[in-house]
Structure formats: structure tokens, C-alpha cells
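**Student:** Protein sequence lines, in the order shown, are assigned to chains Z and X. Positions 1 to 195 (this note's numbering) are the ones given, in order, by the first sequence. Positions 1 to 195 (this note's numbering) are the ones given, in order, by the second sequence.
Hints are computed from structural coordinates only; laboratory data are not their basis. Any given hint might turn out to be false.
Put simply, identical chains are the same to the list, so a pair is met inside one copy or across any two.
[As the list claims (entries may be wrong)] For lysine-lysine, the following DSSO-like pairs were computed, each having C-alpha atoms within a straight-line distance of at most 30 Å: (1) Lys-75 / Lys-2; (2) Lys-75 / Lys-7; (3) Lys-41 / Lys-88; (4) Lys-41 / Lys-131; (5) Lys-88 / Lys-23; (6) Lys-7 / Lys-39; (7) Lys-23 / Lys-131.
2 protein chains.
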Amino acid sequence: MKLYTTKNSGNGYKVALLLSLLKHPYETVIVDFPNGEHKRKPFIDLNPRSQVPVLEDEGRVLWDSSACLVYIARKYGGEAWLPSDPGKMGEVMQWIALALNEIQFGLQYTRGIVRGIRTGHYDEGAELGRKGLGVLDGRLQRNDWLALGRPTIGDIACYPYTARAPEGNISLDPYPAVQGWIKRIEALPGYFKVG
Amino acid sequence: MKLYTTKNSGNGYKVALLLSLLKHPYETVIVDFPNGEHKRKPFIDLNPRSQVPVLEDEGRVLWDSSACLVYIARKYGGEAWLPSDPGKMGEVMQWIALALNEIQFGLQYTRGIVRGIRTGHYDEGAELGRKGLGVLDGRLQRNDWLALGRPTIGDIACYPYTARAPEGNISLDPYPAVQGWIKRIEALPGYFKVG
């Protein structure tokens, strides 16, 4: 298995984190973003979106962190990280959708703007990000994990840019339940910090 | 089964379209957006994001169109619309992710801005939307469907706001393969037009 990513990609990190939690071996291929490798062949043949992560496994190529998480969880994670039951799968999927919406276009983007690696509109991103944090906190006030009462790929999808929200000047102080959840994720066996 | 939606929600329509293609009976509950019903109890207990669609089935409540599509496809669609094989599931998931990113924050939002139902930054949305259309068209130049060589919930997730892109002043003329795919979707038995 090959994981195409960059050293600092939070989306690549989601996939690396799941593989680490599963203790599944893989090879990391660093894509040279500063030199535009992601915008050229052969990389764009792997991913026409010119983004990391990309996963290559047994001849199959998958782009998008969510697709990689779904694939790995179902292929190597048994029933733990994404169960086959339709209702449980739907419950996990809700949080993957939140990660792709409020967290990415809110928290990831505001952090990128503050760090100068992205242009955009800070206030709108911050509003969307805080909306996402409110939904997460509401859920986590009464539950240790986002879905199913145990860690799933829903948690992994939401975790990295939620934990890094303060780097985008979005404080987690108003979201104590989110803070407790971050600590629980970081205490999972196999957890490692990005970068 | 109850589907909470509005008359014009493209995301609610995705769920209704899958149910129609599957010929699965359900009850529609129209949420009164003009009067803010989606922002108050009891609706926010169903969906803390204050959005449609929401699905209620056999005592389970799911928000987010993607989660609803995954649930319905796995529970009532056999292996057709979202197969259980991890690689195939990952392939479908790629296009759901595109729908949640380039299509929603690009094509859905620019259409909303043009129609005056959303504020935002047209040019950035248009750029993102066209990026998504380019990825779709590249795929569809050599394939009739986005994943697996047959219609899946990946197609359903991408279809509504792609087909409506011209209402956001984004022409589909440069994307002939996308236009052909739209026609194929609209010819599926059980297809119906939104609104």
C-alpha cells in the first residue's frame, strides 16, 4: 500500500492516522507540492483534482481522504471503524459529511488563511467553522464519540482540523466537550501527532 | 419512512430521487423554512445543523443527504447503488466527496448567489465549480457513469447541482461528456424532475 501525501497535509494525515491505529503497514510517497508535482502527469493521472491524499493498494487507486478512510476501514478494519450495518454506516457518514463541509470550508480554510497558505474570506469561514464546532460539541456533551459510542472514521475525519482550529484563531474554549474528545482521540493506542 | 425536506431543496431531492429509482415508498414532510421551522425545536433535535434533508426510518434519524443516500442504498438497494466491496465502495465515495466539495461549494453556491437566496463570493464559487465540472467531464469522457460502470449514489449525489449549474451562469457547453451523463440519468426508470 502506498499513501501519496505531503508532510503537512491534514487530509493525508487522516489516512495515515487510521493506518497507524490499525497497525497496517504502508509506504509514504511525498508529493512535491512546492514544485507543482501535483499539477502534472503522472500525478494528475492518479488524482485529477491535483490533491493529496491518494491511496494505491492492490492495483486500485483512490483519491479523497474520505474515500481512502472508507476503503481502509471496510477492507482492513473489520466492523470496528465503519460497520457494514446500513444504519450504523449512515451514522458514521453524517460526521464524514460534517468534516467535508463545516470543518473543511470552515476550520481548515480559516487556518489556511491565517497561516498565509490560502486566500479567502476569513469571517465566513470562521462562522461556518464555529457552526460545525457547535454541532460537534452538542453531540459530544452526551457522547464520548461522534457515532456508535466508539471511535470510528467519523472521528478521524473530523479530528485534525478541529484540533488545529486555534491556529486559525478559533478558540476551542467555548467547546469543552470537543476538547475532551480531542484528548480521547490522542489517547488511542497507535495515535501519533501530525508533522 | 419519512423524508423531511423542502419543495426546492436539491439535497432533499437527491434522497427522493434514490427512493424513486428504488421504488421505495416514503412520506414527505415539508419543513417550513420561510417561517424558520428548521431553526427551532423539535426540528433541531432531528438535525442540529438546521438543514434538510432528514430521514426517519425504523426509529433511526439521519441528517445529511450523503448519509441518507448511504443508508438507503445499503439497506434497500442490495449491491446496486453502493456495493459492499471495500474498493467499489471507496470508488463511489470519491464522487460523494466531490459532490460535497466542488459541487456544493462551487455549483450549488453560485446558483444560490445568482438566484438571490445566498450571499457569498461568486467568482471563487465559480472557479471551484468549474474545477469540479472538469473532473466530472474528464471521467465521463471515457465512462458512462462516475463509478463502477453503472449508476450509483455517486451519480445521484453529483447530479442535481451539476444539471442546474447554468442557473448559476455556469454554462455546461464546455463539458459535453457531462451533458451526455445528465441525459443518461434523466432516462433512468423511476427518474423524476425536482420541484
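**Student:** Next, verify each hint and record whether it holds.
**Tutor:** Here is what the structure says about each hint:
no. : hint             : verdict
1   : Lys-75 / Lys-2   : within (15 Å within a copy, 32 Å between copies)
2   : Lys-75 / Lys-7   : within (25 Å within a copy, 39 Å between copies)
3   : Lys-41 / Lys-88  : between (39 Å within a copy, 25 Å between copies)
4   : Lys-41 / Lys-131 : between (38 Å within a copy, 17 Å between copies)
5   : Lys-88 / Lys-23  : both (24 Å within a copy, 23 Å between copies)
6   : Lys-7 / Lys-39   : within (17 Å within a copy, 41 Å between copies)
7   : Lys-23 / Lys-131 : neither (34 Å within a copy, 36 Å between copies)
Against the hints set out earlier in the document, a violation occurs for number 7 only.
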